[in-house]
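Visitor: Letter by letter, the chains look like this.
There are 2 protein chains.
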Amino acid sequence: MAETMIPKATAKRLPLYYRYLTFLANAGTTKVSSTELAEAVKVDSATIRRDFSYFGALGKRGYGYDVMDLIKFFKKILNQDKLTSVGLVGVGNLGHALLNYNFRQTNNIRISAGFDVNPEIANTIQSGVPIYPMADMVTQLREQQIEIVILTVPTDAAQAITNDLVKAGIKGIMNFTPLRISVPSYVRVQNVDLATELQTLIYFLQHYGPTLNDAELGDN
Amino acid sequence: MAETMIPKATAKRLPLYYRYLTFLANAGTTKVSSTELAEAVKVDSATIRRDFSYFGALGKRGYGYDVMDLIKFFKKILNQDKLTSVGLVGVGNLGHALLNYNFRQTNNIRISAGFDVNPEIANTIQSGVPIYPMADMVTQLREQQIEIVILTVPTDAAQAITNDLVKAGIKGIMNFTPLRISVPSYVRVQNVDLATELQTLIYFLQHYGPTLNDAELGDN
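In the order they appear, the protein sequences are chains L and B. Residue 5 in our numbering sits at position 5 of the first sequence, and the numbers go up by one each step. Residue 142 in our numbering sits at position 142 of the second sequence, and the numbers go up by one each step.
Hints may be right or wrong, so weigh each one.
[To be verified] Straight-line Cα separation of at most 25 Å, BS3-like style, residue types lysine-lysine; simulated pairs:
no. : chain 1 : residue 1 : chain 2 : residue 2
1   : L       : K12       : L       : K31
2   : L       : K8        : B       : K8
3   : B       : K42       : L       : K167
4   : L       : K42       : B       : K12
[What the hints assert, rightly or not] Derived coverage of chain L by chain B (criterion: at least 3 residues anywhere in the stretch with Cβ under 8 Å from a Cβ of chain B; other residues may be distant):
no. : segment
5   : 86-98
6   : 139-153
7   : 186-192
[As the list claims (entries may be wrong)] Chain B is nowhere near these chain L residues, computed Cβ spacing over 12 Å in every case:
no. : residue
8   : A46
9   : N102
10  : Y132
11  : M134
Note that these hints are calculated values from the structure, not bench results. Fair warning: this is a prediction, and the values are worked out from it, not measured in the lab. Beta carbons are placed, not taken as given, at the ideal position from N, Cα and C, and that holds for glycine.
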């Protein structure tokens, strides 16, 4: 596929573009310039034009981009026409919040199964999602053909559970624990370390002051 | 200060190093090699040695680094000897989870005030933190000299509230809303967009397959 050749930095910006374009379409907007898009998503317009150029000439000079054309295009690239089911491992405070987080708003993603050691919530339905006991995790993930999980378990349990996830055939883990988990090379891990994110923000404020903007920080 | 000259990529890794070193110290470990550290934090050892070299010759060849020396050093750089108070704006599902999130475990950060429109929780204490009505936000942030907030409000309220935060003198915002908020150049924004993070993970799995590791994804 042609899109496998696009730079990784571009690939990381695609969901952001897609979300904003959906927002525009919902508001009834039919055309958008790279400058308007730049202002909204906080990516400079030259970068946006270069990103879009990897997919062919989508815009016309002095005319802007057709919002619906772009959406159709990104929908296909981002595989939005197919629902992606993900598992949630660990239904504590953060897990509960994620069950109620609207991943579907502009992304075709659904948490379809949860797993927890707590006998009070195992075998119940929470926010519309069945919660299974940990003993059933490997079986259920296999049966439901879930390949991606969100990991929100206590740090000291994270690696042992990760090993089970690998046995269950998981291919991707969104890791909310502060532990950098070890996985085989064919499993992808996306770390979301909230304390480190906040610490980094504080560090940059104290040491770099006001001049450095978000893009320079290397945020996606 | 010397540390203001270190590369931004290095600065982003400091909280990660600090967290793992604290973990080692708690486990009674006194020496660590760059190879061991590399395995634990998933950063290659050459990068770690280069990062550490910005702070002077902290390790001895074939001997490794002294864990407590490193911790003392990072503690000073990361300003861990001083408690940083942050505000939480929006105490819904995600906000509640963040109130219970252990930011203090290895980071000297505390959520010291929350703000919400919901009259049922305004003027109550939740998880030990006072929740004020939104009408009191600007006054309380100024009085408590809070310069950093976590923003977990509904998307359609995010920009108006951000404008008030700027009026209150906020310097840094950790933004959990999918909106890319507009702020003056002296305010730093760290975006944590969970749906986009998950979408990116799925996209990379589908298009790049198993060969690309976390570091190459540009994750911090």
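Visitor: Each hint should be assessed against the structure and marked as holding or not.
Guide: Outcome of the hint check:
Taking the CA atoms of K12 of chain L and K31 of chain L, the gap is about 23 Å. The hint holds against a cut of 25 Å. For the given pair, K8 of chain L sits about 20 Å from K8 of chain B by alpha-carbon distance, which is consistent with the 25 Å threshold. With a C-alpha separation of about 21 Å, the suggested pairing of K42 of chain B with K167 of chain L holds against the 25 Å cut-off. Taking the CA atoms of K42 of chain L and K12 of chain B, the gap is near 20 Å; set against the 25 Å cutoff, the hint holds.
A count of 6 residues in the segment 86-98 of chain L with a Cβ less than 8 Å from any Cβ of chain B is obtained; the coverage claim is therefore met, three being the minimum. Coverage of a stretch by a chain is defined here by at least three residues with a beta carbon nearer than 8 Å to that chain's beta carbons; for the segment 139-153 of chain L and chain B the count is 3, and the condition holds. Here the segment 186-192 of chain L counts 7 residues with a CB under 8 Å from a CB of chain B, which clears the bar of 3, and the coverage holds. No beta-carbon of chain B comes within 12 Å of the beta-carbon of A46 of chain L; the shortest separation is about 17 Å.
Distance check on N102 of chain L: its Cβ comes as close as 8 Å (rounded) to a Cβ of chain B, failing to clear the 12 Å threshold; non-interface status is violated. Non-interface call for Y132 of chain L relative to chain B: holds, since the shortest CB-CB distance, roughly 21 Å, exceeds 12 Å. With a minimum CB-CB distance of about 20 Å to chain B, M134 of chain L clears the 12 Å threshold, and the non-interface call stands.
Checked against the numbered hints above, the structure breaks only hint 9 and satisfies the rest.
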